[in-house]
Amino acid sequence: MPGAIYAEGLVKTFGDVRALDGVDLDVPEGTVLGLLGPNGAGKTTAVRCLTTLLRPDSGTAVVAGIDVLKHPDAVRRSVGLSGQFAAVDEYLTGRENLQMVGQLYQMRAKAAKARADELLEQFHLADAADRTAKTYSGGMRRRLDLAAALVVSPPVMFMDEPTTGLDPRNRQQLWDVIKQLVSGGTTLLLTTQYLEEADHLAHDIAVVDQGHVIARGTSDQLKARTGGERVEVVVHEREHIPAAAEVLSGFGKGETTVEEHMRKLTVPVTGGAKLLAEVIRELDTRGIEIDDIGLRRPTLDDVFLSLTGHVAEAKDGENGASQDTKGAKRRKETAK
Amino acid sequence: MSAATDAAPVAAPANPISQSIRDSLVVAKRNLIRMSRIPEMVIFGLIQPIMFVVLFSYVFGGSMNIGGSTNPDRYREFLMAGIFAQTVTFATAGAGAGIADDMHKGLIDRFRSLPMARGAVLTGRTLADLVQTALTLLVLAVVALLVGWRTHTNIGEVLAAFGLLLLLGYAFTWIGALIGLSVRTPEAATSGGLIWLFPVTFISNAFVDSSRMTPWLQHVADWNPFSATVQACRELFGNPGVTPSDAWPMQHPVWASLIYSVLIVLIFRTLAVRKYRSATA
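Going down the list, the protein sequences come from chains W and S. Per the working numbering, the first sequence starts with residue 1, numbered consecutively. Per the working numbering, the second sequence starts with residue 1, numbered consecutively.
Calculated from the structure, these hints are not laboratory results. One or more hints might be untrue.
[As the list claims (entries may be wrong)] Derived EDC-like pairs (lysine to aspartate or glutamate); straight-line CA-CA distance at most 16 Å:
| id | chain 1 | residue 1 | chain 2 | residue 2 |
| --- | --- | --- | --- | --- |
| 1 | S | K29 | W | E90 |
| 2 | W | K134 | W | E90 |
| 3 | W | K264 | W | E246 |
| 4 | W | K274 | W | E229 |
| 5 | W | K223 | W | D204 |
| 6 | W | K253 | W | E278 |
| 7 | W | K134 | S | D101 |
| 8 | S | K105 | W | E90 |
| 9 | W | K264 | W | E289 |
[Said to hold, decoys possible] DEER-style ranges, computed between Cβ atoms:
| id | chain 1 | residue 1 | chain 2 | residue 2 | range |
| --- | --- | --- | --- | --- | --- |
| 10 | W | N39 | S | W248 | 55 to 61 Å |
| 11 | W | T60 | S | Q48 | 50 to 56 Å |
| 12 | W | E8 | S | W248 | 58 to 64 Å |
| 13 | S | R277 | W | G138 | 28 to 34 Å |
| 14 | W | Q210 | S | I195 | 51 to 57 Å |
| 15 | W | K134 | S | R277 | 27 to 33 Å |
| 16 | S | L55 | W | S58 | 56 to 62 Å |
| 17 | S | V143 | W | R169 | 50 to 56 Å |
Here a beta-carbon is modelled for each residue, glycine too, at the ideal position from N, C-alpha and C.
Required output: the full structure, derived from the provided sequences and hints.
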């Protein structure tokens with residue numbers, strides 16, 4: 001039985017650009033799929049096709065058991081969409097915004113008002129309910145936008161880069177809201193270019209690049225494809241690097257890589273924490289002083305890099321995610 | 001499944017026409033609230049026509065020959081119907097800019113993802129603009145009375161003239177809606193909504209006696225939908241008009257004005273709603 005969100009062979013072209021080039025998706029009811037990919041990969045186009053905003057050139061799409069192409073209106077009654085931009089009317093108050101959306105979901109005025117109050121409370125916007133959205137911070141606007149998508153508690157939700165441009169604190173807050181939502185049984189398709197975000201929120205991840213799904217699986221499965229864990233050591237003195245490399249090679253399951261300027265050595269291993277303890281003991285015995293040591297599991301950055309040959313990067317540097325992509329950029333330098 | 005199933009009740013799809021009316025009114029209310037919170041927009045919308053009334057009546061007043069007379073008072077009475085009509089058509093720019101702004105901010109996406117009547121976003125906007133146009137006309141009529149404009153017919157005819165003006169304004173906001181959906185930025189919608197209005201409102205009988213234009217230009221002016229409304233208003237106000245032309249719209253201006261406006265609504269509403277269905281920011 002197909003899941004709450006199901007797509008087969010979705011194709012959408014804009015002129016010469018094949019934004020979607022045969023995308024297949026299957027999201028079981030009550031789970032979260034993270035659609036992960038860089039800008040221009042086709043994530044937004046996929047969401048727009050599944051939420052009736054765009055008509056695909058070919059392919060099948062079924063959302064909440066309803067054929068998207070045949071019954072778009074019925075689909076609209078069953079989905080909530082929260083977009084890349086907080087789509088709220090900035091000259092309306094928070095309450096007016098939610099009330100309007102409720103009424104356009106065909107709720108009676110009174111019911112829409114009651115629901116608006118409920119959501120404002122739930123999203124910690126009650127104090128700002130009667131201020132125009134213009135006065136809201138970025139995080140508050142996103143919360144209001146998300147609340148608007150939840151007015152009828154739709155069984156299926158789509159969130160297109162819900163935290164792009166938010167600072168870490170607001171992102172964390174929004175993640176909590178999303179987790180709460182999912183624990184209530186909502187099926188969610190979430191697009192993101194933040195690997196950390198997909199790791200955090202999604203049960204399954206589909207990696208998209210140039211209109212194709214190039215890999216799918218759980219976060220752990222994808223990481224396993226990239227290779228297992230590794231030990232990273234930063235030594236205190238530069239002259240200790242050769243000695244440390246010798247130690248690591250003794251424990252490693254592969255080649256030891258050295259980043260001279262950072263005094264950092266990395267080696268793939270198996271054996272987990274027990275092995276790490278042995279490495280530490282051996283380094284200590286040889287009198288090699290270390291600044292940092294750790295067992296690192298591959299991040300989704302590594303996954304993306306190994307799958308596509310390029311790093312998932314935000315095109316615009318203005319977003320609050322620089323912390324997440326820093327790792328990716330660093331690895332890119334290493335890869336060169 | 002608690003959060004997913006204790007959903008607020010969503011009414012079953014109602015009768016499409018009543019749903020369409022209801023949705024349009026919800027959107028119209030939203031736009032009226034917006035307008036009330038950006039009063040400067042309404043005020044600028046008023047200043048411009050008032051300026052035209054004053055400039056045209058005092059600067060041009062003495063040099064205009066209306067039906068063989070250069071009496072400035074006569075020109076003032078002649079002028080008002082033209083200014084009224086031009087003012088209502090300028091609502092086009094507001095409608096276009098508003099809709100382009102909604103596109104730009106992603107609101108149109110939000111609306112399109114909701115189970116609402118397809119044309120309601122645009123109908124709601126044009127209805128809100130109609131209310132604003134009515135207010136503008138009211139203020140303008142008071143200013144016109146202050147500078148000496150008078151009507152010489154009964155109240156029913158005067159109201160009918162204002163009705164035709166509002167209908168013309170409403171029709172033109174649908175052209176604005178189409179422009180707003182077709183351009184990339186609100187700024188482009190504002191200028192794109194205004195530029196073509198200058199030839200439309202000036203190649204007409206609104207400000208000058210069109211019978212004194214070059215024949216081909218007069219022909220354009222006679223058949224200009226805008227001229228029909230202006231001529232109809234002059235008749236209904238009992239204000240002095242231009243030398244009547246043989247063109248059908250000038251002979252039957254009230255009917256011509258009605259037919260033109262209804263046709264514009266039908267054509268541009270169809271085009272705009274079709275455009276809206278496939279709109280992408």
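Hints, one by one, checked against the model:
1. With a C-alpha separation of about 15 Å, the suggested pairing of K29 of chain S with E90 of chain W holds against the 16 Å cut-off.
2. For the given pair, K134 of chain W sits about 4 Å from E90 of chain W by alpha-carbon distance, which is consistent with the 16 Å threshold.
3. Restraint check: the Cα-Cα separation between K264 of chain W and E246 of chain W comes to about 14 Å, which is no more than 16 Å; the hinted pair holds.
4. Pair hint K274 of chain W plus E229 of chain W holds up; C-alpha atoms about 13 Å apart against a cutoff of 16 Å.
5. For the hint linking K223 of chain W to D204 of chain W, the alpha-carbon distance of about 12 Å falls within 16 Å, and the restraint holds.
6. Distance hint between K253 of chain W and E278 of chain W is fulfilled; the C-alpha atoms sit about 15 Å from each other, no more than 16 Å.
7. A threshold of 16 Å between alpha carbons decides the hint, and for K134 of chain W with D101 of chain S the separation of about 14 Å falls inside it, so the pair holds.
8. For the suggested pair K105 of chain S and E90 of chain W, the alpha carbons sit about 10 Å apart, so the restraint of at most 16 Å is met.
9. With a C-alpha separation of about 13 Å, the suggested pairing of K264 of chain W with E289 of chain W holds against the 16 Å cut-off.
10. Range check, N39 of chain W to W248 of chain S: Cβ separation about 58 Å, and the 55 to 61 Å hint holds.
11. Distance hint for T60 of chain W and Q48 of chain S: a CB-CB separation of about 53 Å, consistent with the stated range 50 to 56 Å.
12. Roughly 59 Å separates the CB atoms of E8 of chain W and W248 of chain S, a value that falls within the hinted 58 to 64 Å.
13. The hinted range of 28 to 34 Å is satisfied by R277 of chain S and G138 of chain W, whose Cβ atoms lie roughly 31 Å apart.
14. At about 41 Å, the CB distance of Q210 of chain W to I195 of chain S disagrees with the hint of 51 to 57 Å.
15. Between K134 of chain W and R277 of chain S the beta carbon distance is about 29 Å. The supplied range of 27 to 33 Å therefore holds.
16. For the pair L55 of chain S and S58 of chain W, the beta carbons lie near 59 Å from each other, so the given range of 56 to 62 Å is met.
17. With their beta carbons about 54 Å apart, V143 of chain S and R169 of chain W fall inside the hinted range of 50 to 56 Å.
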